[in-house]
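Enquirer: What follows is the residue order along each chain.
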Amino acid sequence: MSAKLKNKGVVPSITVPDGGKWATTARQTAADLLSETGLPHRRDEYWKYTDPTTLTAPEATPAAIFKSDEALPFDGVDAVKIVFVDGVYDAAQSDALELAGVEIETLADAAQKDIHWAGSVYGVLEGRGQNPVSRPLASYNTAVSEQGFVIRATGKAAKPISFIYLHESETSDAVIHHTIKLDEGADLTVLENGPAAARINAVMEVEVADSAAFHHVRAQGRDHERRTATHIFARLGTESSFKSFTLTVNGILTRNDAIIEFTGDNAHATVAGACAGDGAFHHDDTVFITHDAVNCESRQVFKKVLRNGAVGVFQGKILVKPDAQKTDGYQISQGLLLDENSTFQAKPELEIYADDVACSHGSTVGAIDDTALFYLTSRGIPHKEAQDMLTLAFLGEAIDEVEDEALADDLRSLLQGWMARRHS
Amino acid sequence: MLEIKNLHVGLEEEDKQILKGVNLTVETGKVHAIMGPNGSGKSTLSYVLSGKDGYEVTDGSAELEGVDILDMEPEERAAAGLFLAFQYPVEIPGVGNMTFLRTAVNAQRKARGEEELSAAEFLKVVREKAKSLKIDADMLKRPVNVGFSGGEKKRNEILQMAMLEPKMCILDETDSGLDVDAMKLVAEGVNALRDAGRSFLVITHYQRLLDHIKPDVVHIMADGKIVKTGGPELALEVENNGYADILAEVA
Ligand SMILES: Nc1ncnc2c1ncn2[C@@H]1O[C@H](COP(=O)(O)OP(=O)(O)O)[C@@H](O)[C@H]1O
Ligand SMILES: [Mg+2]
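First to last, the protein sequences are chains A and B. Just so we're aligned, residue 1 is where the first sequence starts under this note's numbering, counting upward by one. Just so we're aligned, residue 1 is where the second sequence starts under this note's numbering, counting upward by one.
Extracted from the complex, chain A is given alone in its bound form (with noise of 0.2 Å):
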């Protein structure tokens, strides 16, 4: 990282990267709220159940490289990929920065020029979400960040765009920033996948305007010791469609947050996720919906299979303004404990301001059902593949808001794979 934290809350001393205009005011802006609020804590309302600790200190804790030589997820999709090697973007392992109907340039070379648009996402969107609730680990991304792509889609893309992220040195510490605008009915698959670095902070905002629709998949590679924390801003315009999912297995300590605000009337958002950890596990979905604008959907689908003392945490909220009528919110959220020292906290909200909406939500916890289990096995199906296929059925739930079919297989087979080795 170009600037040291210092832990606990206190005021890192940040000095922004020189950049064009609209970055550095970003920047500034950013690095200028981060000093008012400080770094998170265990005392912050939404850090109760994730102890952000090393998220914060001044070094990544170094976390060991995973080798496979398994192919990597969305490996067989024609995508325009971008490679980032411990956070840094490596230009020689990537395709060229071509795609009909999109723009796409490094946030470094973007910085440099007067791109307008740019100015009114970058930080802009993060700074948005700021409030009610504090979000310091991205103002200090915005403030910081020299990696990351700002990316204009003007219609319909080709193909997606896959950023691959790679993790080489045991020490790295990655702060990445991607800057996304959908013009009026354009439309953006953006695929991201790998571990990134030890510790990688996140961020990416997405301005969808009018009429344009934003897909977005994720899979958080298969390191055991890396320590990821992400955020998602995105602002949605009118009869808008934006559309996320995130599949994690493995990870120390995975926080992800999505701040969506519905700007636009008749838009939807979908976030969803599904997470599978075994021992040394913490993973934590922070969901912040706002809806401002009417006759709004909003879908959030949460899956958490934990064992071997693995820890799922969800909080999701839906705040509804007094005159976003005819809003749709749903929520749901579900741990499955495959043993007795695994643990699932669940933290939904709503608040609500208008009188004609329609939102619910649940939450579950529980283990596999024994029923089921027995009806499998009086088949003839062995004990520990028929509790995978209850598994699979389980998150499958979450992954069915995938719409793209081969996406949804990609990630099914990720998810048999992770079962499958832990039986071996």
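These are computed hints drawn from the structure, not numbers from a lab. Note that the coordinates shown come from a computational prediction; the quantities given were computed from them, not determined experimentally. Check before you lean on any hint, since a few could be wrong.
Stated by the list, open to error - Per the computed footprint, the stretches of chain A lying under chain B, defined by three or more beta-carbons under 8 Å from a beta-carbon of chain B, are:
1. 374-387
2. 390-404
Claimed, not checked - Estimated spans, in silico, between C-beta atoms of each pair:
3. B:Arg109 / A:Thr364: 35 to 41 Å
4. B:His212 / A:Asn295: 53 to 59 Å
5. A:Asp95 / B:Ser132: 50 to 56 Å
6. B:Ser176 / A:Asp328: 39 to 45 Å
7. B:Ser132 / A:Thr364: 38 to 44 Å
8. B:Gly54 / A:Arg128: 50 to 56 Å
9. A:Thr364 / B:Asp59: 38 to 44 Å
Ideal Cβ positions, reconstructed from N, Cα and C, are used throughout, including at glycine.
Go by the hints and put chain B with the ligands onto chain A.
Expert: Only chain B with the ligands this time, still in chain A's reference frame:
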């Protein structure tokens, strides 16, 4: 084929004895029926034989082709040739019926050292058998038993039995909740499987199923024991006079 001797079974969780000395021998190729009032222990017997948790065998034995099955895992009993058509088939959201069937068939083949069926071979066989049970493609695609009607669930049990080709088939109240047409369909499915090498234990509360699946031997179970054994005429006696007379007679 199946030999049950002096079987005593209680619940694991509470101090309650359910089976109190069941003796029963089903010969190879024969169809035996068990009738009896509700709560007499018929389902418990079928669960204990197929290996469900929660029961404790306190005495006696159960052997399938001379091999003690009571210490086996449910999947081992299945691979050994035992099959239970459930009184209440279980719904399993998220697991496709077809995937379930194929996994089960191949798991059993593997356990027996046989070659697994390819997807194409499996599909051909399952389509044929499903058709004769009037199970349509949609039911095969849907999650196991989810949203199936009572009759569809029971037909799905018979389809599983037809695919797995067990040696010893136990049918627990497969007729309950079926209308006459559905019952005929199910009975035809069962009769199609009747074979010199295959035995059946048909548990039923009513005689009417036995009009379609003709038993060789009929047992009456009451309060955890077989209290009377006879030929098909015993079922008719139950039909005409109810259980009261028989129970009074053996008391
Ligand atoms: N898991 C259980 N917990 C409590 N009681 C049970 C359980 N299983 C069976 N029983 C009791 O054992 C007796 C026999 O039940 P069951 O085997 O279902 O009878 P049947 O199938 O003949 O109607 C009943 O009194 C029933 O309530
Ligand atoms: Mg019963």
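Enquirer: Taking the hints in turn, state whether each one holds.
Expert: Against the structure, the hints come out as follows:
1. Figure legend: the segment 374-387 of chain A, annotated as covered by chain B; annotation consistent (12 residues with Cβ-Cβ distances under 8 Å, at least 3 required).
2. For a cut-off of 8 Å, the count of residues in the segment 390-404 of chain A with a CB near a CB of chain B stands at 6, and the three-residue condition holds.
3. A C-beta distance of roughly 36 Å is found between Arg109 (chain B) and Thr364 (chain A), which places it inside the suggested range of 35 to 41 Å.
4. A hinted range of 53 to 59 Å for the beta carbons of His212 (chain B) and Asn295 (chain A) is consistent with their spacing of about 56 Å.
5. Taking 50 to 56 Å as the suggested C-beta distance range, the pair Asp95 (chain A) and Ser132 (chain B) conforms, at roughly 54 Å.
6. Under the hint 39 to 45 Å, the C-beta atoms of Ser176 (chain B) and Asp328 (chain A), about 41 Å apart, fit the expected range.
7. Taking 38 to 44 Å as the suggested C-beta distance range, the pair Ser132 (chain B) and Thr364 (chain A) conforms, at roughly 40 Å.
8. The hint said 50 to 56 Å for the Cβ distance between Gly54 (chain B) and Arg128 (chain A), and at roughly 55 Å that hint holds.
9. Taken as a hint, the range 38 to 44 Å holds for the pair Thr364 (chain A) and Asp59 (chain B), whose Cβ atoms sit roughly 41 Å apart.
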